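Enquirer: Following the hints, position chains B, C and D against chain A.
4 protein chains.
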Amino acid sequence: MSTYGDTFFDVRELLCELLRLFYAKNWVSGTGGGICAIESPGRLLLAPTGVHKERVTPDDLFVVDTSSGEVLEPPRNANLRPSECGEIFRAIIAARGAGSVVHSHALSAVLACDLAADDCLAIEKLEMLKGIPGVTNTDRHLMPVISNTPREPELTSEVARVLADPRFEKTRSIGVRDHGAYLWGADLWEAKKHTEVYHFLFEALVARGGRS
Amino acid sequence: MSTYGDTFFDVRELLCELLRLFYAKNWVSGTGGGICAIESPGRLLLAPTGVHKERVTPDDLFVVDTSSGEVLEPPRNANLRPSECGEIFRAIIAARGAGSVVHSHALSAVLACDLAADDCLAIEKLEMLKGIPGVTNTDRHLMPVISNTPREPELTSEVARVLADPRFEKTRSIGVRDHGAYLWGADLWEAKKHTEVYHFLFEALVARGGRS
Amino acid sequence: MSTYGDTFFDVRELLCELLRLFYAKNWVSGTGGGICAIESPGRLLLAPTGVHKERVTPDDLFVVDTSSGEVLEPPRNANLRPSECGEIFRAIIAARGAGSVVHSHALSAVLACDLAADDCLAIEKLEMLKGIPGVTNTDRHLMPVISNTPREPELTSEVARVLADPRFEKTRSIGVRDHGAYLWGADLWEAKKHTEVYHFLFEALVARGGRS
Amino acid sequence: MSTYGDTFFDVRELLCELLRLFYAKNWVSGTGGGICAIESPGRLLLAPTGVHKERVTPDDLFVVDTSSGEVLEPPRNANLRPSECGEIFRAIIAARGAGSVVHSHALSAVLACDLAADDCLAIEKLEMLKGIPGVTNTDRHLMPVISNTPREPELTSEVARVLADPRFEKTRSIGVRDHGAYLWGADLWEAKKHTEVYHFLFEALVARGGRS
Chain A
298 MSTYGDTFFD VRELLCELLR LFYAKNWVSG TGGGICAIES PGRLLLAPTG
348 VHKERVTPDD LFVVDTSSGE VLEPPRNANL RPSECGEIFR AIIAARGAGS
398 VVHSHALSAV LACDLAADDC LAIEKLEMLK GIPGVTNTDR HLMPVISNTP
448 REPELTSEVA RVLADPRFEK TRSIGVRDHG AYLWGADLWE AKKHTEVYHF
498 LFEALVARGG RS
Chain B
298 MSTYGDTFFD VRELLCELLR LFYAKNWVSG TGGGICAIES PGRLLLAPTG
348 VHKERVTPDD LFVVDTSSGE VLEPPRNANL RPSECGEIFR AIIAARGAGS
398 VVHSHALSAV LACDLAADDC LAIEKLEMLK GIPGVTNTDR HLMPVISNTP
448 REPELTSEVA RVLADPRFEK TRSIGVRDHG AYLWGADLWE AKKHTEVYHF
498 LFEALVARGG RS
Chain C
298 MSTYGDTFFD VRELLCELLR LFYAKNWVSG TGGGICAIES PGRLLLAPTG
348 VHKERVTPDD LFVVDTSSGE VLEPPRNANL RPSECGEIFR AIIAARGAGS
398 VVHSHALSAV LACDLAADDC LAIEKLEMLK GIPGVTNTDR HLMPVISNTP
448 REPELTSEVA RVLADPRFEK TRSIGVRDHG AYLWGADLWE AKKHTEVYHF
498 LFEALVARGG RS
Chain D
298 MSTYGDTFFD VRELLCELLR LFYAKNWVSG TGGGICAIES PGRLLLAPTG
348 VHKERVTPDD LFVVDTSSGE VLEPPRNANL RPSECGEIFR AIIAARGAGS
398 VVHSHALSAV LACDLAADDC LAIEKLEMLK GIPGVTNTDR HLMPVISNTP
448 REPELTSEVA RVLADPRFEK TRSIGVRDHG AYLWGADLWE AKKHTEVYHF
498 LFEALVARGG RS
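For the protein sequence lines, the chains are A, B, C and D, in the order given.
Numbered by my numbering, the letters in the first sequence go through residues 298 to 509 in order.
Numbered by my numbering, the letters in the second sequence go through residues 298 to 509 in order.
Numbered by my numbering, the letters in the third sequence go through residues 298 to 509 in order.
Numbered by my numbering, the letters in the fourth sequence go through residues 298 to 509 in order.
Just chain A, same shape as in the assembly:
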């Protein structure tokens, strides 16, 4: 259990609610995308792979060890397999102290990454930048963009590399060309906030045609 304002919420229920919300926004369609959240120290809730994300229920979630990725509690349904994003999620958690990571398959993320001349996107002149901790609307915010690979776990070393790059110390998102983005926050609520903030920035970049 956690709180938002005065309201208690169940982490598993909220995680599933956010999947439904992101599905409605077309960010996790066609069974794509994913999400995780730390339920309690060392226990990471992880959505299953290959299923319609808006249909995931609290009982469908894996509990994995946040450090090792070992499955501590599988879901009741033995046919489910844990998200392929698990290793990347844990790399982001380890490097940034995140409590929740979202994996988006939004078209706006793909199209924004198309605009990246080299290994990052420079985002500036947008009030929405203030939604990222430590960033203000007068900053030129750098978000790393990595290349896609045939299998999702192969992205992990690239993710680790950009997380260690001091140019990107303020980012809460990593773009993946032709694929989407990873986005994170201290908990599900902040992950939701950063997911919405960056998707707004992606849409703005695309609408402005890469100009600022």
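Quick caveat, the hints were computed from the structure, so don't treat them as lab data.
Predicted model only: the values in this text are computed from it and were never measured.
Among these hints, one or two may not hold up.
Identical copies look the same in the list; a pair holds intra-copy or inter-copy alike.
Cut-off 30 Å, straight-line C-alpha distance, at most; resulting in silico cross-link-like pairs (DSS-like, lysine-lysine) [what the hints assert, rightly or not]: (1) K467 with K422; (2) K322 with K467; (3) K422 with K322.
Expert: Only chains B, C and D this time, still in chain A's reference frame:
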């Protein structure tokens, strides 16, 4: 009855739910579009034609013979007529072993087909391609595009032709110029997945202006 | 009471439901747009003007004489005034035998009218044209486009003129530059169908940039 | 309590409902945006800052003195802080007699402001202009556009300047470059109307590429 994860679902209810979902996405507006699903061996559920698709109820469905197309059980309402797509649906089921076929009238499908230089669309450099069985993000996936005809049953021979073309053995969609697309899967859940995957691909192709 | 398939529906409830649907599609935002439907011979239900259309309830509707426009039954709330579209609605009903007319303030209608070189839009090469009675996908369908005027009733003579023009005998829509469109059908269900069909055509025309 | 038509509504409930509506339209995403409404003379309801706006409940609202901005009643949750827009909201209320002000973070507002050559947008040739009191579709309506600043309260002097500029006496909106817009009306219902009207105008300006 079937299952998704641990949940039982009624095929007729799910078929109608998907029509409401696709209507909300603007893929079956103005009474256009359609859907079918095999209820049990030899029995194909078929939505009626000429009605607002988001209003179709389980009682409105026809049961037709999967092989012959003969109406086995008409719906209670004697004014309803079976979808004109029936023959094409059965051709796809016969050729590909599909358990469910969707007919989309999405604008994104029309605009994607506008980009096809000859008889197919080449789709590449998109992670979402992995949503199609046997296709990966490094493939150049070919989706057939056929010309529209004044009456829907006249499309059947063209559909049969492209289904037999070895270039298109992996496709789960056939585009129809100025019209939309047919999309299928092993059951309603996979048809939903492929419908969402290809519509994402259509939107990506259109947004990229045919470039990849 | 009327029926759709096997389902009875109340004309007043359905009229209000369609206003909520059209509001959700952004076709009657900012209190704009309107709708009417014949409840029984000679009695025309008319939504009030200047109110948020998605909040209109069955008790808010005027009953006016279909021929004269005289208010037969005002709504309970004495502050409401009948839609300014009343005269145009009745002109369309008289000329075409319509049972329901929708007035849309959709941006897609405005942008489609921007593409009209002279006094009409030519729409072709779209399967969705079959949603208009007597029109097929190989036709070049002409939809009249008239100029906007400072007050809505001043449009009536222009509406009457295009309704009498034999070029437009098959149209179920009249576009108004910088403003929107009027759309109609034999009853609310057909008006809904034609409204969805033409809005799809508007969006297709705009996306194709006036090319076909 | 107030009324809309025959229906009583609670100002606090309606304010929260509008936040959910605007969130669904993507006008207050990522915890951005805000709203206020006068509950009774001298008492201004103000949404909290930094929270997901679609989750705000009636108990989360601040009551501040309309003239001084002093907090008269804080919400039950002591962690909430009042919206940073408070000062701007009160400046608009003081100058224009508004009863409710909305702060939008819509992308369409940002993109429309991108089109402003100098300190305002000229909007013309749109029926939707009639949704602004005293403006008609043949007018060339001027909406002020001000530059963004690092902190929201720093915008107040610019807001005060354009509110005093006779060129803008009819406007119900002030655009802020790279940021969004402030929009207002006599009460929540009129603020909703003007918010929808101007967002339609923003989208039309952007779609027309600044041409009219």
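Enquirer: Looking back at the numbered hints, which does the structure fail to meet, lowest number first?
Expert: Violated hints: none at all, because every hint is consistent with the structure.
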